[in-house]
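Chemist: Top line first, the protein sequences correspond to chains P and B.
Going by my numbering, the first residue of the first sequence is number 1, and it counts up by one from there.
Going by my numbering, the first residue of the second sequence is number 278, and it counts up by one from there.
In short, the hints are calculated from the structure, not lab data.
All figures in this text were calculated on a predicted structure; none of them were measured in a lab.
One or more hints might be untrue.
[To be verified] Pairs of lysine-lysine, DSS-like flavour, derived with a Cα cap of 30 Å:
1. Lys535(B) - Lys97(P)
2. Lys374(B) - Lys41(P)
3. Lys281(B) - Lys166(P)
4. Lys96(P) - Lys41(P)
5. Lys248(P) - Lys190(P)
6. Lys166(P) - Lys285(B)
7. Lys190(P) - Lys149(P)
8. Lys285(B) - Lys96(P)
[What the hints assert, rightly or not] Quick list of the computed label-pair ranges, beta carbon to beta carbon:
9. Thr259(P) - Phe367(B): 31 to 37 Å
10. Gly380(B) - Arg101(P): 54 to 60 Å
11. Gln170(P) - Leu337(B): 31 to 37 Å
12. Glu438(B) - Thr144(P): 51 to 57 Å
[Claimed, not checked] Chain P regions said to be covered by chain B (calculated; three or more residues, Cβ under 8 Å):
13. 55 to 64
14. 130 to 143
From the three backbone atoms N, C-alpha and C, an ideal C-beta is built for every residue, glycine too.
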Amino acid sequence: MVERVCTFFWAYSSFYKWKGEAIMSLLQVVGLGKSYDTETKVLENVNFDIEAGEFVSIIGPSGAGKSTLLRCINRMVTISEGNVLFDGANVGTLGKKQLRRLRTNIGMVFQHYNLVPRLTVIENVLHGRFGYKTTLQGVLGRFTEQEKKRAFYLLQKLGIEEHAYKRCDQLSGGQQQRVGIARALIQDPKLVLCDEPIASLDPNASKVIMDHLKSITSELGITCMVNLHQVEVAQQYSDRIIGLNQGKVVFDGSNHQLTDDRINRIYGTQTRELITV
Amino acid sequence: MNQKVMQKRKWQSTLFLLIIIAVTYLSAVITNFNFVDGLAAFPAAIGWIISNLLITQESLERLPTILEKLNETVFMSIAATTTAAVISIFLGLMGSKTTSLNGILSVVARFIAAVSRNIPVVAWALILLLSFGQNSVTGYLALFVGTVGFLTRAFIESIDEASQSSVEALTATGATYFHIVNKAVIPQCLPQMISWILFMIETNIRSATLVGILTGTGIGYTFDMYYKSMNYNAVALVTFSIVIAVIIIELISNYIRKVIL
Ligand SMILES: Nc1ncnc2c1ncn2[C@@H]1O[C@H](COP(=O)(O)OP(=O)(O)OP(=O)(O)O)[C@@H](O)[C@H]1O
Ligand SMILES: [Mg+2]
């Protein structure tokens, strides 16, 4: 109880502080806790700020709560404790309409691409615009010329323009993931959340995808948060790494600071050995 | 419920139809001959079959009436299936975990599906017979109710299987419920749904004969009438035309399946 009050107070004061600040972080996670049932806490007192333009990797063993953390940010799951503040909005308390607006500002890329397999590439990309449409516009499939041009431009940038009219289930995994990225980018997001975007891909396709994600941040200035299984990839691509273990942040720093010792702490020595052997 | 199970079901129902035909022949034999005598005089029985259950010139004259009734039955089956499909889409969307709007509606949808599916169509016909009497509405409703149960269940599974991941993705883009259902769930599931609807039309044409005997409508009634008046040549013709109709419908729906899947 006391802890709760403290967390609340802390959350409140940092919210207040954040309001007063001239330059605010794009994302603030304050005392975030999440549990799906009463017994287990999947996330516990998670705190971090992310500035606009950062490329952040989140690493940690399976079940650490990486996916849950990302889903709290666009409230695909309800937030149990604490606050998530995104671009001036308190994510946990948003109404239905505001939540929709929040989600248009946050793109999401999935391990299994989550496309509609029977539809064409271009149709799937344009799905990213639904957040800006009324129900009727969306159901009728009304997209402006500008939106269509932008979709083709993104496909071209991602190198899959020639597949625009193919059905997605005819594409390779790497190509499908690029469609997923295009769908996220056409939203004009401020933040892109990637939940293990390369976990189902071979090393070559993984490199292509990671390079594209990196360029989202470096060229378009869009902030990226990427859940990763591979520490090496995280170290190679990100400015900053957050390590999760059993729902707690056990590391938050630059990749230079991520020593072997600290990696062991994130993964727990034994599991780490199991992975590398 | 994948394609394999469906194929098996189809085989089962074809087999079922064959058994019914066999039973029809057998009982035709039994009603006219003592069974032991019949066995002893097996050649005579075969002789009877050849002379009585053959489609004769005379029975062929009844073909227009039979075809008219067959038409009625086929279209009633199609109507019952398609109207049931519309209801089932809504119940399926409500019942599926990925697209349900709230828990109570989901339970209600699943409950309706379970009740109407687990009571056989013939039993529905008998139950409805009490309240609606012997007419075509009863037959239609019996098929309709059974179909709603089956299709809802099939649609729930198609939706769950096919669209969970894209529903998540579209929700994350800020799409509304109707965007998601119309532009992700339905496009992804439609071929499978149509396939199930075609399957149900085939099944219902078979069931409609049986239901028709009970409710006194359609081809089932014609069958019953000739049967009771011992016009076995006509009975044979009715049976034969049912088989032909079912085969034609199957061929058509197999073709449609091939095109859409
Ligand atoms: N919808 C859910 N309902 C109940 N429990 C869940 C749900 N989603 C996740 N969990 C539980 O929460 C914990 C953290 O899951 P999460 O998926 O966030 O981990 P993760 O770090 O992404 O793991 P992985 O690397 O395997 O993807 C797990 O113990 C999991 O069983
Ligand atoms: Mg995960």
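Chemist: Work down the list of hints and note, for each, if the structure agrees.
Modeler: Hints and how they fare:
| no. | hint | in the structure |
| --- | --- | --- |
| 1 | Lys535(B) - Lys97(P) | violated (43 Å) |
| 2 | Lys374(B) - Lys41(P) | holds (24 Å) |
| 3 | Lys281(B) - Lys166(P) | holds (28 Å) |
| 4 | Lys96(P) - Lys41(P) | holds (26 Å) |
| 5 | Lys248(P) - Lys190(P) | holds (26 Å) |
| 6 | Lys166(P) - Lys285(B) | violated (33 Å) |
| 7 | Lys190(P) - Lys149(P) | holds (20 Å) |
| 8 | Lys285(B) - Lys96(P) | violated (46 Å) |
| 9 | Thr259(P) - Phe367(B): 31 to 37 Å | violated (58 Å) |
| 10 | Gly380(B) - Arg101(P): 54 to 60 Å | violated (27 Å) |
| 11 | Gln170(P) - Leu337(B): 31 to 37 Å | violated (53 Å) |
| 12 | Glu438(B) - Thr144(P): 51 to 57 Å | violated (34 Å) |
| 13 | 55 to 64 | violated (count 0) |
| 14 | 130 to 143 | holds (count 8) |
Going down the numbered hints, you'll see the structure goes against 1, 6, 8, 9, 10, 11, 12, 13, while the others check out.
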